[in-house]
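J.: The lines below spell out each chain.
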Amino acid sequence: AQSVTQPDIHITVSEGASLELRCNYSYGATPYLFWYVQSPGQGLQLLLKYFSGDTLVQGIKGFEAEFKRSQSSFNLRKPSVHWSDAAEYFCAVGATSGTYKYIFGTGTRLKVLA
Amino acid sequence: ETGVTQSPTHLIKTRGQQVTLRCSSQSGHNTVSWYQQALGQGPQFIFQYYREEENGRGNFPPRFSGLQFPNYSSELNVNALELDDSALYLCASSPISGGARNEQFFGPGTRLTVL
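For the protein sequence lines, the chains are L and G, in the order given.
So the first sequence is numbered by our numbering: it starts at 1 and just counts up by one.
So the second sequence is numbered by our numbering: it starts at 1 and just counts up by one.
A portion of the hints provided could be inaccurate.
[Unchecked claim] Which chain L residues face chain G? A few, computed with CB under 10 angstroms, are given here:
1) Q6
2) V13
3) Y25
4) Y36
5) G41
6) Q45
7) K49
8) V57
9) A92
10) T99
11) Y102
12) G105
13) T106
14) R109
15) L110
16) V112
Just so you know, the hints here were simulated from the structure itself, not pulled from any lab data.
C-beta: ideal position from N, C-alpha, C; glycine also.
Bound conformation, chain L alone (with noise of 0.2 angstroms):
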């Protein structure tokens, strides 16, 4: 079965410091894999996204993540956090066949510390 795990629910981490929030899927296939941000209140926000090719992509705000095909996961990272990158993370596993449809980790809810 296809899934998504993201095993981080909350990290806090202080402005400057670097960041990795971790992603793990299940698929029968190279999967498309997308990270987007949710604010408070607010829908969803693509930060990057990886089909093919070069396995570090890189997203606005300065964020990045890498496909690892061996260990089936595709980590977020940004080397120095800014107090507006408070929010919460959800990792997506893009279908590539029948019905175009995503499914979604539980989401890491970033905090950040002045």
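Since the structure of chain L is provided, determine the placement of chain G on it from the hints.
T.: Leaving out everything else, chain G in the frame of chain L:
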């Protein structure tokens, strides 16, 4: 270019009532998907519409139904509301031309509270 819009923003209903949520897709997008996001959870796929036909459904009962109109806007209808239906309902649109590679663009959501 107008993004995905949803109405209403917030809604309060009581158990057993029916509700209709609306979504206008982004210009040029002919596919609409609906997701339910319960508090503290990730969005769950409800169903998808393409060219006015249902194009796949998640694990939701038949009292969740939808429509897509010729202008690609969409409605989500929920009958016999239950307390567990309280959630943020997200609509997402995408152009189908590129298949699964197309990014889904999300609206701001409708917050439904069932009392």
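J.: Just to be careful: measuring from the Cβ of V112(L) to every Cβ in chain G, is the smallest value less than 10 angstroms?
T.: violated, 20 angstroms
J.: Next item in the hint list is V13(L). Is there a CB on chain G closer than 10 angstroms to its CB?
T.: Violated, because the Cβ-Cβ distance from V13(L) to chain G comes to roughly 21 angstroms (cut-off 10 angstroms).
J.: Are A92(L) and chain G close enough, Cβ to Cβ, to be under 10 angstroms, as the hint says?
T.: holds, 8 angstroms
J.: For the restraint on L110(L), tell me whether the closest CB of chain G is nearer than 10 angstroms.
T.: Violated, about 15 angstroms.
J.: Under 10 angstroms, Cβ to Cβ, is where Q6(L) needs to be relative to chain G, so tell me if that hint holds or is violated.
T.: With Cβ-Cβ at 8 angstroms, under 10 angstroms, it holds.
J.: Tell me if the interface restraint on G105(L) is satisfied: Cβ within less than 10 angstroms of some Cβ in chain G.
T.: With a closest approach of 5 angstroms, the G105(L) hint holds.
J.: With chain G as the partner, please determine if Y102(L) meets the hint condition of a C-beta pair closer than 10 angstroms.
T.: Since chain G brings a Cβ to about 6 angstroms from Y102(L), closer than 10 angstroms, the hint holds.
J.: Under the criterion of a CB-CB separation shorter than 10 angstroms, is Y25(L) in contact with chain G as hinted?
T.: violated, 13 angstroms
J.: Take the shortest C-beta to C-beta distance between R109(L) and chain G; is it under 10 angstroms?
T.: This interface hint holds because 9 angstroms falls under the 10 angstroms limit.
J.: Taking the least C-beta to C-beta distance, is Y36(L) closer than 10 angstroms to chain G?
T.: Since chain G brings a Cβ to about 8 angstroms from Y36(L), closer than 10 angstroms, the hint holds.
J.: Would the hint on V57(L) stand, with a C-beta cut-off of 10 angstroms toward chain G?
T.: violated, 13 angstroms
J.: Would you check whether T99(L) satisfies its interface hint, that is, whether its CB is within less than 10 angstroms of any CB in chain G?
T.: At about 2 angstroms, which falls below the 10 angstroms cut-off, the nearest Cβ of chain G leaves the hint on T99(L) intact, so it holds.
Violated hints, listed in ascending order, are 2, 3, 8, 15 and 16; each of the other numbered hints is respected by the structure.
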